[in-house]
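Residue numbers (this note's numbering), protein chains in the order written: chain A, 1 to 548; chain B, 1001 to 1548.
Hints may contain errors.
Claimed, not checked - Keeping only pairs whose Cα atoms sit at most 25 Å apart, straight-line, the calculated SDA-like set for lysine to any residue is:
(1) B:1352 x A:342
(2) A:527 x B:1222
(3) A:55 x B:1103
(4) A:55 x B:1438
(5) B:1286 x A:368
(6) B:1321 x B:1360
(7) A:527 x B:1089
(8) B:1055 x A:526
(9) A:286 x B:1366
(10) B:1055 x A:480
(11) B:1223 x B:1237
(12) B:1055 x A:113
(13) A:463 x A:447
(14) A:527 x B:1124
(15) B:1192 x B:1222
(16) B:1359 x A:148
(17) B:1286 x B:1332
(18) B:1352 x A:365
(19) B:1463 x B:1503
(20) A:352 x B:1458
(21) A:191 x A:286
(22) A:104 x A:17
(23) A:527 x A:480
(24) A:56 x B:1511
(25) B:1251 x B:1352
(26) A:531 x B:1223
(27) B:1055 x B:1085
(28) B:1178 x B:1132
(29) A:479 x B:1222
(30) B:1352 x B:1325
(31) B:1055 x A:148
(32) B:1359 x A:365
(33) A:56 x B:1527
(34) A:181 x A:531
(35) B:1192 x B:1177
Don't read these hints as lab results, they were simulated from the structure. Treat the numbers as computed from the prediction; the structure is a model and nothing was measured.
Now for the letters of each chain:
Protein chains: 2
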Amino acid sequence: MRIALGQFNAIVGDLAGNAEKMRNIYADALRSDVDLLVFPELAVCGYPPEDLLHKKHFLQENRSTVDKLAADCPDKTIIVGFAESHQGDTYNSAAVLQAGRINKIYRKGQLIDYGVFDERRYFQPGTGPVVINVADLNIAVTICADIWDIEWLANLLGSPTQVQVIVNISASPFHLGKIEKRQEIVSRCAKKFDCAVAYCNLVGGQDELVFDGSSCLADSTGKLVAAGRAFDEDLIIADVTPASDGTVQVKPVQPPAPQPTDLLDEVYQALVLGTRDYAWKNGFRKVLLGLSGGIDTSVTAVIAVAALGEENVVGITMPSKFNSPETISDAEKMAKNLGIEFLTIPIEPILKQFDQALKEAPGWDSGGIAYENLQARIRGGILMSLSNQFGSLVLTTGNKSETAVGYTTLYGDTAGGFAVIKDVPKTMVYKLAEHVNKTAGRQIIPDDVINRPPSAELRPGQKDSDSLPDYDLLDKILKGYVEEDKSVQQLVESGLPKDVVLRVIRMVDRNEYKRRQSPPGVKITLKAFGKDRRLPITNRYSPCSDTV
Amino acid sequence: MRIALGQFNAIVGDLAGNAEKMRNIYADALRSDVDLLVFPELAVCGYPPEDLLHKKHFLQENRSTVDKLAADCPDKTIIVGFAESHQGDTYNSAAVLQAGRINKIYRKGQLIDYGVFDERRYFQPGTGPVVINVADLNIAVTICADIWDIEWLANLLGSPTQVQVIVNISASPFHLGKIEKRQEIVSRCAKKFDCAVAYCNLVGGQDELVFDGSSCLADSTGKLVAAGRAFDEDLIIADVTPASDGTVQVKPVQPPAPQPTDLLDEVYQALVLGTRDYAWKNGFRKVLLGLSGGIDTSVTAVIAVAALGEENVVGITMPSKFNSPETISDAEKMAKNLGIEFLTIPIEPILKQFDQALKEAPGWDSGGIAYENLQARIRGGILMSLSNQFGSLVLTTGNKSETAVGYTTLYGDTAGGFAVIKDVPKTMVYKLAEHVNKTAGRQIIPDDVINRPPSAELRPGQKDSDSLPDYDLLDKILKGYVEEDKSVQQLVESGLPKDVVLRVIRMVDRNEYKRRQSPPGVKITLKAFGKDRRLPITNRYSPCSDTV
Chain A
1 MRIALGQFNA IVGDLAGNAE KMRNIYADAL RSDVDLLVFP ELAVCGYPPE
51 DLLHKKHFLQ ENRSTVDKLA ADCPDKTIIV GFAESHQGDT YNSAAVLQAG
101 RINKIYRKGQ LIDYGVFDER RYFQPGTGPV VINVADLNIA VTICADIWDI
151 EWLANLLGSP TQVQVIVNIS ASPFHLGKIE KRQEIVSRCA KKFDCAVAYC
201 NLVGGQDELV FDGSSCLADS TGKLVAAGRA FDEDLIIADV TPASDGTVQV
251 KPVQPPAPQP TDLLDEVYQA LVLGTRDYAW KNGFRKVLLG LSGGIDTSVT
301 AVIAVAALGE ENVVGITMPS KFNSPETISD AEKMAKNLGI EFLTIPIEPI
351 LKQFDQALKE APGWDSGGIA YENLQARIRG GILMSLSNQF GSLVLTTGNK
401 SETAVGYTTL YGDTAGGFAV IKDVPKTMVY KLAEHVNKTA GRQIIPDDVI
451 NRPPSAELRP GQKDSDSLPD YDLLDKILKG YVEEDKSVQQ LVESGLPKDV
501 VLRVIRMVDR NEYKRRQSPP GVKITLKAFG KDRRLPITNR YSPCSDTV
Chain B
1001 MRIALGQFNA IVGDLAGNAE KMRNIYADAL RSDVDLLVFP ELAVCGYPPE
1051 DLLHKKHFLQ ENRSTVDKLA ADCPDKTIIV GFAESHQGDT YNSAAVLQAG
1101 RINKIYRKGQ LIDYGVFDER RYFQPGTGPV VINVADLNIA VTICADIWDI
1151 EWLANLLGSP TQVQVIVNIS ASPFHLGKIE KRQEIVSRCA KKFDCAVAYC
1201 NLVGGQDELV FDGSSCLADS TGKLVAAGRA FDEDLIIADV TPASDGTVQV
1251 KPVQPPAPQP TDLLDEVYQA LVLGTRDYAW KNGFRKVLLG LSGGIDTSVT
1301 AVIAVAALGE ENVVGITMPS KFNSPETISD AEKMAKNLGI EFLTIPIEPI
1351 LKQFDQALKE APGWDSGGIA YENLQARIRG GILMSLSNQF GSLVLTTGNK
1401 SETAVGYTTL YGDTAGGFAV IKDVPKTMVY KLAEHVNKTA GRQIIPDDVI
1451 NRPPSAELRP GQKDSDSLPD YDLLDKILKG YVEEDKSVQQ LVESGLPKDV
1501 VLRVIRMVDR NEYKRRQSPP GVKITLKAFG KDRRLPITNR YSPCSDTV
């Protein structure tokens, strides 16, 4: 049996467009003599459709789109994910299209409600298996998490199972280490059921999520024999053959796809794809961002150029009297290295007028933190004015470390439509800069930018280290507290200094309100700020209370 | 049996503080010879604790707090809600405290995952009933939604049930009509099971939610015989007595609590409580807001004064050349009527410098929409600077109608910590203004403010009606589309003009990104923007597609 995995970039809500893409892929598959063509989870409507699922007409259109796809593609078997309304309930379903119509429907059994997922807000779980026959092989249909709980699946399929292939359609977003984890799950599933597993994942950026694709096939020994591209569309074709010894063999018909070189490369590609897709799926061709000559704005600019092309990125430097000649010149150097348009708009005269006006308020201090924040807000105002005038998307440049502790100005440096590196810890931003230079074989990001001690340059001689712990230490604490929900006691027991731990945790908790008003950005860690981590703003839970 | 419902304002995360409050209420109840004291759902940790529930130490502390409460209050039976960790699972539980310890635990069976609720993200459902005996009465313990699905409850309790009282502890947030709906549910439950029902709800504001209290008791005929205060703490005490005819009678021991005069009064009180609690629970004593002389800022100012006192509210008018002398004078009049501090900070000189600086960008238009937005952003910058300088919370003043269609400037008029009337449609803002004047018996909000055609005053002669449909029509469309998820076809069939419907829906969909970065505000309708309505920003679902 020849199987093809149609790993494509579906757009949420674009049912007609997604169907059109699938028809084109079907045409390709026909030319390759494929027996079975598989599309990802909710491929018809994109993932996650969120509260679009509460619209009756949206569900009706899901169904009519699948019916039409079946009619248009009658010659092969297709498995495709869609949102199904059935007797008043909604299901996350996989339709099996054969001979011009929906022949069977499998309903996802393992609905997930952790991290970024809210499936039981919308779906009822399915309860029965669906096994189809294609080219004399028995094929069980499953959806995403269904193969993660292997005991549940064994129970669903019955044992011993009579299937030669388990097909799994997924919409599984990227985070660090996820690709490898998924391959383990696929391999374990193949071994457990002594059958081939064909795993077809979605690809593309959707708000804060990036689906990395990385679809794959394992033979019945659990060996991964084919892997699709990561962070790009792909059509993975393989022949599945039961052998006389009872094993099921899988043989790819194409040469292996190129894969990311390492974890850092995965992160880089995720950021590029997430940025590209957010921009174009929301109708933006051009982006603009502030270039300060610092590491964060530099790395963000590199990603923007990789995502959208140098001709579509504008860098703006907005110096005040606090910016050193070196950083201003580095900003310009970055723009030159990338070949992007570069504008200089000094903020000093605006700052002066603001300061003058604010003296109307008795007690205004022309030099305090409010005055520092004001500079960032003027820059935000300039970027947003240019965005409004020219229709460009503003990219913000804050990293995860400063987002976590609130070392940001609301409506200032957080002002913009997409926060490219908001889930990248500062220490990883440095690694990305080195990765960029290494991959390019030249200093795209100048050494000076990498080596200069970080500063917001909002007052004379300011350094990040005046307000924050060393970033190595800060990022360790943040990983434990934010990603792993560790208590103060656990963090201290792991060797981190208690006074710094307490200080950092207080900063993180106190700044939830800022994050709530921040733009979305690409999730790349186990737990990103956003849908992944939902904490109240009004929250008196004390970091110290667990250390009593 | 004498029962007391301890309707109190719990703070999320403040376990020690909440327990202290409950100990004080227990002391009051002792003095009133109460047999059974009931506290709301998750009273120990506040509702909703969201991802605090993912912290192991938070769950441990929930348990130790309940244990201590039991030890401190040994003389009466107490039912209290807490987050329970049990054999690796987490439950939304009610502890029955008797004789100094936890005697029984009921686990919520009907977990809810719609609207603002995400319970299955955290909790496993309980499966068994808990019936306790107090003063010779059998009392079944239930939690919130458990009494909404009456067939499920009948199944849980068995039939015929041997209970005389069903206690329901709740954390049920307010929206228009909810109080009445809940009373229906309580009454229906009493009738169905021929027993008294004692319903104890949480009170207080928590981010975008307001819990209205409104605890109540029904006798076994379904008659409501006691209702606690709305939007305030209360201790409702009543005697429950089985009569010889098999009915269960309930007799309040206090005179009836004052109740809101009508639905509009409920909304007003919800806004006041939500604003007050957001401010003080987050450590703010003072608030500031822009006063434009328009209806939205005027109504918001009235609510702020009611919430925090005139001495804690500062109004700032920030005129440009586009503001008429009338609106400037009305802003001042409002401040005088309310007795609040008033500042005037003209934005013209700042605007001029911004405009000058932006001319560095070829193509900048000193008169277009970007220039209009810039004025709002300068005002946002001024308010935030004052907030940073003086530690006051900025209240934003946008209503639901303009929030829905994006007739706002991101980082401009949306800049602030709390959006008081963000869920109040413009037509209801007018009604609130009339309600305020009527209740006060004088023109707190001048007639001119109410009667002047609304304008953002960002260009000469601008009117809201230049850009938006008439607010009566707009609000009808928004109610159908936003709150009721109606399709274009349904809206048109209900008599709304198709061209306007399509235009409005496009505006709503296109502006999701602005709402995502807006501050929280009080939910008062069936569906508010925020956790209640979760739509993707990247969303190609077309409003027209359902009209094919």
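Each hint, compared with the structure:
no., hint, result
1, B:1352 x A:342, "holds (23 Å)"
2, A:527 x B:1222, "violated (48 Å)"
3, A:55 x B:1103, "violated (46 Å)"
4, A:55 x B:1438, "violated (40 Å)"
5, B:1286 x A:368, "holds (20 Å)"
6, B:1321 x B:1360, "holds (23 Å)"
7, A:527 x B:1089, "holds (21 Å)"
8, B:1055 x A:526, "holds (16 Å)"
9, A:286 x B:1366, "holds (22 Å)"
10, B:1055 x A:480, "holds (12 Å)"
11, B:1223 x B:1237, "holds (16 Å)"
12, B:1055 x A:113, "holds (17 Å)"
13, A:463 x A:447, "holds (18 Å)"
14, A:527 x B:1124, "holds (22 Å)"
15, B:1192 x B:1222, "holds (9 Å)"
16, B:1359 x A:148, "violated (57 Å)"
17, B:1286 x B:1332, "holds (19 Å)"
18, B:1352 x A:365, "holds (23 Å)"
19, B:1463 x B:1503, "holds (18 Å)"
20, A:352 x B:1458, "holds (23 Å)"
21, A:191 x A:286, "violated (48 Å)"
22, A:104 x A:17, "holds (24 Å)"
23, A:527 x A:480, "holds (11 Å)"
24, A:56 x B:1511, "holds (22 Å)"
25, B:1251 x B:1352, "violated (70 Å)"
26, A:531 x B:1223, "violated (43 Å)"
27, B:1055 x B:1085, "holds (11 Å)"
28, B:1178 x B:1132, "violated (30 Å)"
29, A:479 x B:1222, "violated (54 Å)"
30, B:1352 x B:1325, "holds (20 Å)"
31, B:1055 x A:148, "holds (24 Å)"
32, B:1359 x A:365, "violated (30 Å)"
33, A:56 x B:1527, "holds (17 Å)"
34, A:181 x A:531, "holds (21 Å)"
35, B:1192 x B:1177, "holds (23 Å)"
Checked against the numbered hints above, the structure breaks hints 2, 3, 4, 16, 21, 25, 26, 28, 29, 32 and satisfies the rest.
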